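Whenever a hint applies, use it, and build me the whole structure from the sequences.
As given, the protein sequences belong to chains P and X, one line each in that order.
Going by the numbering used here, the first sequence opens with residue 1485, and the numbers climb by one from there.
Going by the numbering used here, the second sequence opens with residue 1485, and the numbers climb by one from there.
Any given hint could be a false lead.
Note that the list lumps identical chains together, so a pair holds whenever it fits in one copy or between two copies.
[What the hints assert, rightly or not] Cut-off 25 Å, straight-line C-alpha distance, at most; resulting in silico cross-link-like pairs (DMTMM-like, lysine to aspartate or glutamate):
1) Lys1540 - Asp1771
2) Lys1964 - Glu1629
3) Lys1541 - Asp1807
4) Lys1802 - Glu1542
5) Lys1802 - Asp1545
6) Lys1613 - Glu1510
7) Lys1610 - Glu1510
8) Lys1822 - Asp1732
9) Lys1857 - Asp1789
10) Lys1560 - Asp1513
11) Lys1590 - Glu1727
12) Lys1519 - Glu1573
13) Lys1684 - Glu1663
14) Lys1610 - Asp1503
15) Lys1560 - Glu1629
16) Lys1610 - Glu1816
17) Lys1670 - Glu1530
18) Lys1794 - Asp1545
19) Lys1590 - Asp1513
20) Lys1540 - Glu1530
21) Lys1724 - Asp1513
22) Lys1670 - Glu1544
23) Lys1670 - Asp1807
24) Lys1817 - Asp1614
25) Lys1590 - Glu1629
26) Lys1541 - Glu1801
Simulated from the structure, these hints should not be mistaken for lab results.
Just so you know, these numbers come straight off a predicted model, no measurement behind them.
The primary structure of each chain is shown beneath.
There are 2 protein chains.
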Amino acid sequence: MEVEPSLPEKTTNMSKWYDEVLARAELIDIRYGVKGFIVYRPYAMEIINNFLDMFKKELEDNGHRPALFPLVIPEKMLRKEARHIKGFEGQVFWVTHSGFNPLEEKLALRPTSETAIYPLYSLWIKSYKDLPFKLYQSVTVYRYETKATRPLLRGREFLWIETHDVFRDISGAERQIEEDVAIFNKVVKDSLGIPFLHLKREDYDKFAGADYSFAFDCLLPDGRVLQIGTTHYLGTNFAKAFEIKYQDEDESFKYAHQTCFGIGISRILAALILIHGDEFGLILPFDIAPIQIVIIPIPKKEYPDDKLRKYIDKVKEKLMENDYRVIVDYSEKSPGEKYYYYDMKGVPLRIEIGPREVNNNQITIFRRDLRKKYVISSDEIMETIEEFRKDIIKTLRARAVDGLNKSIVYAESLGEVLRYVDEGKPIIKVGFCGRKACADELKSETLGYETRGYSLMERENARYCVVCGQEADHITYLAKAY
Amino acid sequence: MEVEPSLPEKTTNMSKWYDEVLARAELIDIRYGVKGFIVYRPYAMEIINNFLDMFKKELEDNGHRPALFPLVIPEKMLRKEARHIKGFEGQVFWVTHSGFNPLEEKLALRPTSETAIYPLYSLWIKSYKDLPFKLYQSVTVYRYETKATRPLLRGREFLWIETHDVFRDISGAERQIEEDVAIFNKVVKDSLGIPFLHLKREDYDKFAGADYSFAFDCLLPDGRVLQIGTTHYLGTNFAKAFEIKYQDEDESFKYAHQTCFGIGISRILAALILIHGDEFGLILPFDIAPIQIVIIPIPKKEYPDDKLRKYIDKVKEKLMENDYRVIVDYSEKSPGEKYYYYDMKGVPLRIEIGPREVNNNQITIFRRDLRKKYVISSDEIMETIEEFRKDIIKTLRARAVDGLNKSIVYAESLGEVLRYVDEGKPIIKVGFCGRKACADELKSETLGYETRGYSLMERENARYCVVCGQEADHITYLAKAY
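Here it is in structure tokens:
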């Protein structure tokens, strides 16, 4: 069996690199035959399940409980909040028939679930004692994307978690938004090693029906940013549309304040693949890898096979006792072919065991992230693996953080913006007045850089808008986006 | 606050009992507004997640891996296997529009996923080395039920797990069917305490496209049976329709043999509620209870509150160290109101702690299943709880098994069948020729008893058909069904 060629270079040819990794690491199959709908193969689902569990745990520790609302939303419900329907109307899939007959009322496949969930909230929430009220659901959602679809990056069906939280007042809601950010940080940055910009979206870009929106944008190797999560303060907009009122301590009835938080599970998988991978394939953080350690036997003709197996079994057992996800590959492929295969799959640690290792009571251990081999005594296996486990995520995160930081520049003028665009700088910060007309001009001058919003912490530093020269409201981030 | 009245009697008024428990235990909300679509409230989702995890673990230990295929199935795919489409055509929801425009091809919401999954199998499976090939997905499915819908029992959207397995030959497939039964037994009977009949469905009742089907029927308190799972041998029917071929060791190409296994998650929740519950509400097996132990403080006016709290905290900590899901209810409701509430929720164990318990270094512990109180020394808490944990599921299962066994009678003649029907016997076994005409006559004579199929182990005992008098093929089970 021939060893296949390695992958194209990731930053210069991201699209091809990505398609090949999705196929060769057996993650996603794009041959389903309906545009924008993909098949999640087992390896992708196993990775997803591992980080989905992390999100669920954090959300539950934060007081959220799981729930499940119907996939279908009656048209009249979807229409209840005027700006909301305006934002989604063009991208909804409609169920219109059942069996051989038309339905009485057409039903939307959920593009997001505010209008499915909030009618029930108006029945459940009666008193200030019911608040805060926090639920999440982990589901697929459906949006008829008219732009070109890309697997996991932009699909018509995608996986996400959505939370829907209700509070007495704005202060409770805004505290929740901070907690949402903390949860996103903990899982996405700390555990998955994916850094992101946390930006307040420009007013004209906020979620349809929200008072304001924050979003999490990560940076892909091709220099474009990808929104992987959003958290919205809905004010009392939906509460008024759906009559979500509570009786306060003073016995008066008040509209509740709401937040919702969308975690883009499919897109986080895409980011994980694209940001950490290299020319040999995937690189997975240890904690979410379906296979954390693979043991490759290196048999030698003159060496007794049972002696090798016995040693390998001992190592494997020890690892399994510590709950590591470990496999031994005894298949007939050559060690080189096996290295190639598990490199592509992003298995974080590979242990090689041959006669030399057995005779010296050692193992050879290979770190996928550094592509470096270490020979260690078998007494040190456990502490070495624990050390590597922690160091792998640190290494991946540091690389990604470095990549993001180096990609951000600050421009004082439109001329400087255009120079940076020519140089291919992915993210350009500029003073900005906040008006859509200036954003449109920026987008057209830069051939596609969009205003992605601003960090509240940098607001003070804003001086004048690089387009109109008027006083700046804030410093906005410009980038091309998926 | 008034204590609400207890529930109606379960066996004589199951329907009302059920509706009240769904609402009062905060399991399901039926007010969504689209017929056959319900809302799973947090308490129901937590219970479901607990037993879903058990199924996933068993399936994965059995070699299945998770995957996710699209919700929508193009019409031409759904039509590929002739009998299959005939079986489902009348109950499919169709997506026909997106945004403001009609779709080029209409898309079915998955009523089951054979026709979504098998086109990919024909791409993935090439060689005998790829077999067996075993996947599962845990999803919602959609069927336009024309009969009256009932929450969890018969809905137009329901939760299930479906496995789709591929083998070289019939013997591999049939072994899998036995393993499916073992998995179902382990989770449903052993862990959830729900006994069932495991029946080979009559030929005219098999799954649309299968060679034969086995099904799992449990018995509800109103005397009707409920199909909570099915496992099918598909032969090479779908392999031929979807070109799932493998190259065998002898280099010839062969059609693969397939099985699929459907686990009715929504219906299993219904069975759990209905079979174990009593006039005080739910009764949950310890291992799947979202709250396994609730501690109720019994304060006394003259007794120092901090002393009580300190003792309670100590007990709670000890329980949490052992990973029990435990809460303390310090709310202002009276102990009686709290008892009532957690009884309704089916919390398996309640610990009451007042001055007497503190002073004697004891706890009072109440078993929901037996409605019995025990006073034990605080040294014995852990071993007592472990003992109760094991005994609760034994007790629930034994009750349910007893109920099922007592409900089955054997009739020698049609006259005897009718006498048993008059007596209200839920399940009647009879000799049966296997022909649909005789089944129809039985159904009409008994006003609704259907032939649910037969146990292979009893086949030998069959003599003559109670309807036509011809030689019996087997002993069939008659019952009214959901």
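Cross-check of the supplied hints:
Taking the closest pair of Cα atoms, Lys1540 and Asp1771 come within 25 Å of each other both inside a single copy (15 Å) and across two copies (20 Å). Taking CA atoms no more than 25 Å apart as the test, Lys1964 paired with Glu1629 passes inside one copy only; the shortest distance there is 18 Å, against 47 Å between copies. Both within a single protomer and between protomers do Lys1541 and Asp1807 lie at most 25 Å apart by alpha-carbon distance, with minima of 19 Å and 15 Å respectively. Taking CA atoms no more than 25 Å apart as the test, Lys1802 paired with Glu1542 passes between copies only; the shortest distance there is 23 Å, against 30 Å inside one copy.
Proximity of Lys1802 to Asp1545 under the C-alpha cut-off of 25 Å is restricted to the inter-copy arrangement: shortest distance 20 Å between copies versus 32 Å within a copy. Taking identical chains as interchangeable, the C-alpha atoms of Lys1613 and Glu1510 lie at most 25 Å apart only when they sit on different chains, with a minimum of 17 Å there against 49 Å within one chain. When the C-alpha separation of Lys1610 and Glu1510 is checked against a cutoff of 25 Å, the pair qualifies only between copies, where the shortest distance is 15 Å, while the shortest distance within a copy is 49 Å. For the homomeric pair Lys1822 and Asp1732, the shortest alpha-carbon distance between copies (24 Å) is at most 25 Å, but the shortest distance inside one copy (65 Å) is not.
With identical chains, the CA atoms of Lys1857 and Asp1789 are at most 25 Å apart within one copy only, with a shortest distance of 24 Å there and 62 Å across copies. Proximity of Lys1560 and Asp1513 under a CA criterion of 25 Å is satisfied inter-copy only: 20 Å between copies versus 36 Å inside one chain copy. Taking the shortest Cα distances, Lys1590 and Glu1727 sit within 25 Å of each other inside one copy (23 Å), while across copies they are farther apart (36 Å). Within a single copy, Lys1519 and Glu1573 get their C-alpha atoms as close as 19 Å, and across copies as close as 23 Å, so both meet the 25 Å cut-off.
Proximity of Lys1684 to Glu1663 under the C-alpha cut-off of 25 Å is restricted to the intra-copy arrangement: shortest distance 15 Å within a copy versus 53 Å between copies. Proximity of Lys1610 to Asp1503 under the C-alpha cut-off of 25 Å is restricted to the inter-copy arrangement: shortest distance 22 Å between copies versus 51 Å within a copy. With identical chains, the CA atoms of Lys1560 and Glu1629 are at most 25 Å apart both within one copy (22 Å) and between copies (23 Å). Taking CA atoms no more than 25 Å apart as the test, Lys1610 paired with Glu1816 passes between copies only; the shortest distance there is 18 Å, against 66 Å inside one copy.
For the identical chains of this complex, Lys1670 and Glu1530 are neighbours both inside a copy (20 Å) and across copies (24 Å), given an alpha-carbon limit of 25 Å. Taking the closest pair of Cα atoms, Lys1794 and Asp1545 come within 25 Å of each other only across two copies (24 Å); inside a single copy the shortest separation is 43 Å, beyond that limit. For the homomeric pair Lys1590 and Asp1513, the shortest alpha-carbon distance between copies (22 Å) is at most 25 Å, but the shortest distance inside one copy (31 Å) is not. Proximity of Lys1540 and Glu1530 under a CA criterion of 25 Å is satisfied in both settings, with 15 Å inside one chain copy and 12 Å between copies.
In this homomeric assembly, Lys1724 and Asp1513 come within 25 Å of each other (Cα to Cα) only across copies, at 22 Å, whereas the closest approach inside a single copy is 43 Å. Proximity of Lys1670 to Glu1544 under the C-alpha cut-off of 25 Å is restricted to the intra-copy arrangement: shortest distance 14 Å within a copy versus 29 Å between copies. Proximity of Lys1670 to Asp1807 under the C-alpha cut-off of 25 Å is found in both arrangements, the shortest distances being 23 Å within a copy and 24 Å between copies. For the homomeric pair Lys1817 and Asp1614, the shortest alpha-carbon distance between copies (15 Å) is at most 25 Å, but the shortest distance inside one copy (61 Å) is not.
Proximity of Lys1590 and Glu1629 under a CA criterion of 25 Å is satisfied in both settings, with 20 Å inside one chain copy and 17 Å between copies. In this homomeric assembly, Lys1541 and Glu1801 come within 25 Å of each other (Cα to Cα) only across copies, at 20 Å, whereas the closest approach inside a single copy is 29 Å.
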